[in-house]
Amino acid sequence: MLLIKNLHLPNGIKISWDWDGQPVHLTGKNGAGKSLLLKAISSLYPCLYDEFKLNDIPRNNLNPSQYRSQIVYLAPQISFLNYERASDFYKAPLQLQIYKNHSYPQELEQKLKEWNILDKKCQDLSSGEKQILSLTRALALKAKAILIDEALTHLDSARKDWILSYMLKKIKSHEQTYIIVSHEDNIHPAFNKIDISQIQNV
Amino acid sequence: MMTLINLLLPALLCTGMVVLSYFQDKKIFKDLTISILRMILQLTLLSLVLSWIFNLKDTKIVVSVLLIMTFNAAYNIKSRIDFKYPGLFLDNLISLSLSIWPLCIIGSYSMYADKLLDAPSILPLMGMLLGNSLNGLSQGLNFFTKKIHESKDDVLSLIALGATTSEATKLLLQQSLRYGLAPNINAMISMGIVTIPGVMTGQLMAGMSPQEAVMIQIIIMLLVISGTYFGLIIGLHLSMRKYFNQRGEICF
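These protein sequence lines are chains A and B, in that order.
Residue numbers for the first sequence follow the numbering used here, so the first one is 1 and each next one is one higher.
Residue numbers for the second sequence follow the numbering used here, so the first one is 1 and each next one is one higher.
Keep in mind the hints are simulated off the structure, nothing from the lab.
Don't take every hint at face value.
[Unchecked claim] Among the chain A residues that face chain B by a calculated CB cut under 10 Å, a handful are:
#1 60
#2 67
#3 78
#4 92
#5 98
#6 147
[Unchecked claim] Result set (SDA-like, lysine to any residue): computed pairs, CA atoms no more than 20 Å apart in a straight line:
#7 A:130 to B:156
#8 B:170 to B:115
#9 A:91 to A:108
#10 B:146 to A:91
#11 B:147 to A:82
#12 B:170 to A:155
#13 B:170 to A:92
#14 A:160 to A:128
#15 A:91 to B:166
#16 A:120 to A:87
#17 B:146 to A:87
#18 B:170 to A:79
#19 A:120 to A:100
#20 B:115 to B:203
#21 A:130 to A:154
#22 A:142 to B:164
#23 B:242 to A:45
#24 A:144 to A:35
#25 A:130 to B:152
#26 A:91 to A:77
#27 A:130 to A:155
#28 A:142 to B:167
#29 A:144 to A:82
#30 A:100 to B:166
#31 A:160 to A:82
#32 B:152 to A:79
#33 A:142 to B:156
#34 B:170 to A:80
#35 A:100 to B:167
#36 A:130 to A:141
#37 B:170 to A:108
#38 B:152 to A:81
#39 B:170 to A:111
#40 A:91 to B:156
Positions of the beta carbon are idealized from the N, C-alpha and C atoms, including for glycine.
Let's have the full structure, built from the sequences with the hints guiding it.
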């Protein structure tokens, strides 16, 4: 799915990785460059590399917005400052040109309503609610891969289980795949645990 | 005809104010003294330079002065921006040249069609347009360059979802434009009700009819607000190029 050769991260580390699209649990010590790698993969910062291909197509040949809508990066904490209600935040991407004809899956919206999150004001949301809302919003998009950067940390076990089961369903149907950065020992057996040092150029 | 005698009474009043400020706050005293002396010196020099230019009646000299004024305005905008980036001066120069110069020529033509590049008509007009745009541009650009650093996470989270740079910064650009235009909008709202604008006051004092003075003031205000608006639009879009590359990647 993704072929990276000699990707220079801003912290001086070089990465080479042939990712087949199988779900990944990315680990590594603090400062090892996990977040930098995810941001570089989703083309958020300019990076030097020898080769960078998505499904055999060089990244530079792809429209940047389309590329980022295919490989969505989800930050650990997302700002809610510009939104009044949780529903405004949830539906904000639908205003973007790239999602002009996109509609969200009913299942996710129903779950958010069941959890009484969507009708809340953003200032009243807890850290866990903010995180589940950001996650759900990312999952509702048409991305082929979602890069989740420590965005499961504030979730209670029930909501985390539900999110994981939703992800597993998407993985099984080959609709979406995930790279999750987390310091937990194990997320789920379906995720290949990779330490960033394993893909680091020596 | 104005003589130094005419200045005597206001100067005495001002001296009293400065003396009073000395006993209240030494810093205010210092600021007042320096700014008053600077103002007198600058305006006296200006009168000498303008008299010299007006007497020369040379278009090349007029254009050179207009260029110096534009360079100076671009430099002043740069100095008022807290978050400077490489190429800021050039960006200011481009936005002022593309917005103010055409407007100044249009304005000069509207008011003095027969003497388009005459120093007494075009220099004060350029001064007014640059002065107002300088305030609007520096406020709008300062807001933008400061806020884009503060809202980096907001911008990043939208870009990460596939937003274009214009979509990700739309709100910020709108806010910056509003912020930059606010002084001119406020001035226009109060004009004629709360205040009699400077140009009109000058014209009235010089003996022009109120109708004619109002007409000139309206033309100037239309040019000022358009100049600030276009200058801001160009300036904001030029500075956007410094914060994102062509692939929409964040470079700050």
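A quick look at each hint next to the structure:
1. 60: With a closest approach of 8 Å, the residue 60 of chain A hint holds.
2. 67: 8 Å, holds
3. 78: 5 Å, holds
4. 92: 8 Å, holds
5. 98: Holds, about 4 Å.
6. 147: Given a least distance of 9 Å, the restraint on residue 147 of chain A holds.
7. A:130 to B:156: Measuring from Cα to Cα gives roughly 17 Å; hence the hint holds.
8. B:170 to B:115: 42 Å, violated
9. A:91 to A:108: This hinted pair holds, its Cα atoms lying about 12 Å apart.
10. B:146 to A:91: With Cα atoms ~28 Å apart, residue 146 of chain B and residue 91 of chain A exceed 20 Å; violated.
11. B:147 to A:82: 13 Å, holds
12. B:170 to A:155: Distance ~32 Å between residue 170 of chain B and residue 155 of chain A Cα, so the pair is violated.
13. B:170 to A:92: Given that 20 Å is the threshold and the Cα spacing comes to 13 Å, the pair holds.
14. A:160 to A:128: Holds: residue 160 of chain A and residue 128 of chain A sit about 10 Å apart, inside 20 Å.
15. A:91 to B:166: 18 Å, holds
16. A:120 to A:87: 8 Å, holds
17. B:146 to A:87: This hinted pair is violated, its Cα atoms lying about 29 Å apart.
18. B:170 to A:79: 16 Å, holds
19. A:120 to A:100: 25 Å, violated
20. B:115 to B:203: Holds, because 19 Å separates the two Cα atoms, which is no more than 20 Å.
21. A:130 to A:154: Since the Cα atoms of residue 130 of chain A and residue 154 of chain A sit roughly 9 Å apart, the hinted pair holds (cutoff 20 Å).
22. A:142 to B:164: With Cα atoms ~16 Å apart, residue 142 of chain A and residue 164 of chain B stay inside 20 Å; holds.
23. B:242 to A:45: Given pair residue 242 of chain B, residue 45 of chain A holds - Cα atoms ~13 Å apart, limit 20 Å.
24. A:144 to A:35: 19 Å, holds
25. A:130 to B:152: Roughly 18 Å separates the two Cα atoms, so the pair holds.
26. A:91 to A:77: The given pair, whose Cα atoms are some 18 Å apart, holds under the 20 Å limit.
27. A:130 to A:155: Within the cut-off at roughly 9 Å; holds.
28. A:142 to B:167: Holds, at about 18 Å.
29. A:144 to A:82: Violated, at about 27 Å.
30. A:100 to B:166: Holds, at about 16 Å.
31. A:160 to A:82: 26 Å, violated
32. B:152 to A:79: 10 Å, holds
33. A:142 to B:156: 19 Å, holds
34. B:170 to A:80: Roughly 16 Å separates the two Cα atoms, so the pair holds.
35. A:100 to B:167: Holds - the C-alpha atoms of residue 167 of chain B and residue 100 of chain A are around 13 Å apart, at most 20 Å.
36. A:130 to A:141: Satisfied, since the Cα-Cα distance of roughly 17 Å is no more than 20 Å.
37. B:170 to A:108: 28 Å, violated
38. B:152 to A:81: Roughly 12 Å separates the two Cα atoms, so the pair holds.
39. B:170 to A:111: It is violated: about 31 Å lies between the C-alpha atoms, which goes past 20 Å.
40. A:91 to B:156: Cα-Cα ~17 Å, so holds.
Violated hints, in rising order: 8, 10, 12, 17, 19, 29, 31, 37, 39; the structure is consistent with all others.
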